[in-house]
Amino acid sequence: MAWDDRMKDFHARRAHARGMGGPERLARRRAAGALNARERVDRLLDAGSFLEVGTFNTSDVPGMEADTPADSKVGGFGRIDGRPVVVCSNDFTVLAATSSRVASHKEAELKRLAARRGLPIVYLAEAGGARMPDIMGSAGIASFGNSTYYGTRRRRVPMVTAVLGQSYGLPTWNACLSDVVVMLEGASMAVSGPRVLELATGEKISPEELGGARMHAEETGFADLVGKTEDECLALVKRVLSYLPSHNRQAPPTAEVPAGSDAEMGTIADLVPEARNRAYDMTRVLRRLTDGGEIFQIKERFGKSVITALARMGGHVVGFVASQPIQKGGACDADGCDK
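FYI, in our numbering the residues of the sequence shown are 2 to 340.
Keep in mind the hints are simulated off the structure, nothing from the lab.
Treat each hint with caution, since some may be false.
To be verified - As a list, the in silico SDA-like pairs of lysine to any residue whose alpha-carbon atoms are at most 20 Å apart: (1) K239 to G320; (2) K305 to P326; (3) K329 to E301; (4) K329 to K239.
Stated by the list, open to error - Derived Cβ-Cβ restraints for the label pairs, each shown as a range: (5) V62 to M8: 25 to 31 Å; (6) D82 to D263: 25 to 31 Å; (7) K205 to L290: 47 to 53 Å; (8) E257 to A143: 48 to 54 Å; (9) K205 to M8: 50 to 56 Å.
We put the beta carbon where it would ideally sit given N, CA and C, even for glycine.
Taking the hints into account, I'd like the entire structure generated from these sequences.
What follows is the structure in structure tokens.
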């Protein structure tokens with residue numbers, strides 16, 4: 002084959018992979034107001050910084066090659082605010098981004114590379130669980146590539162998961178093992194989907210009731226942050242990473258102290274009543290202490306009698322754990338203690 006023919010073949014295969022599940026499925030997502038996997042990556046990363054890994058991966062099940070471009074996972078390296086990261090985005094237009102052998106090995110290898118090279122991991126979740134027949138039997142389960150990774154990250158690098166749609170199975174494991182979870186309003190996260198639950202128990206339940214953003218933000222505490230739009234969720238991912246080091250041997254990034262940050266420090270005592278039985282808002286106190294009066298609350302809707310937040314003081318990242326007197330008098334309940 003001449004070089005021209007080889008290049009034509011290369012470009013055709015790449016175009017097929019980047020075409021994801023095809024124009025019809027992509028159009029349905031646009032009509033529903035949802036971003037596709039590659040649009041999410043593009044909006045998350047600095048322009049032109051994405052270097053994809055596994056573009057030409059397909060399912061290893063005979064006859065499925067043409068129907069599984071990139072085998073439902075778009076992953077690789079890129080930059081967020083100039084800092085290198087690893088990103089993996091589920092492509093719901095390809096077999097509902099179900100987990101398969103090839104896709105799972107790609108995802109696991111990206112995570113291992115991130116841990117080895119000291120790069121934060123961002124996982125963009127929307128998937129329909131395990132793929133048949135890949136998962137069938139003990140041999141099918143053992144053939145997946147993620148199991149060895151889970152015990153080896155040891156929080157050497159940060160991992161942030163954004164749940165951006167209906168996410169069942171592997172995305173849930175990723176979320177539970179992440180340092181921070183961002184969830185889109187209207188998204189759902191559970192071990193299995195409503196249909197599987199109905200078949201197993203006869204009970205009909207909506208995705209929101211099963212594992213919606215409100216439930217995980219307010220009842221289970223799995224969702225640390227909630228966004229109203231996909232763009233807001235991606236912005237929250239970026240904001241989280243702005244407070245975190247790239248790996249455990251690096252200090253968190255510093256920032257310039259905004260002018261006037263200490264202008265009201267002399268009146269901070271006025272925010273705390275002398276009478277110990279009077280409630281007050283602890284967030285007002287924290288804002289007086291921090292650069293620019295800014296705090297970034299984590300799990301704001303869960304365990305409300307306790308505040309957990311990231312902020313900066315003197316340009317350096319700090320974490321706050323504080324009682325919130327306007328909630329239950331600041332007494333720690335079970336959720337507050339977990340938080």
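Now for the hints, and whether the structure bears them out:
no.	hint	verdict
1	K239 to G320	17 Å, holds
2	K305 to P326	10 Å, holds
3	K329 to E301	15 Å, holds
4	K329 to K239	33 Å, violated
5	V62 to M8: 25 to 31 Å	29 Å, holds
6	D82 to D263: 25 to 31 Å	26 Å, holds
7	K205 to L290: 47 to 53 Å	50 Å, holds
8	E257 to A143: 48 to 54 Å	51 Å, holds
9	K205 to M8: 50 to 56 Å	53 Å, holds
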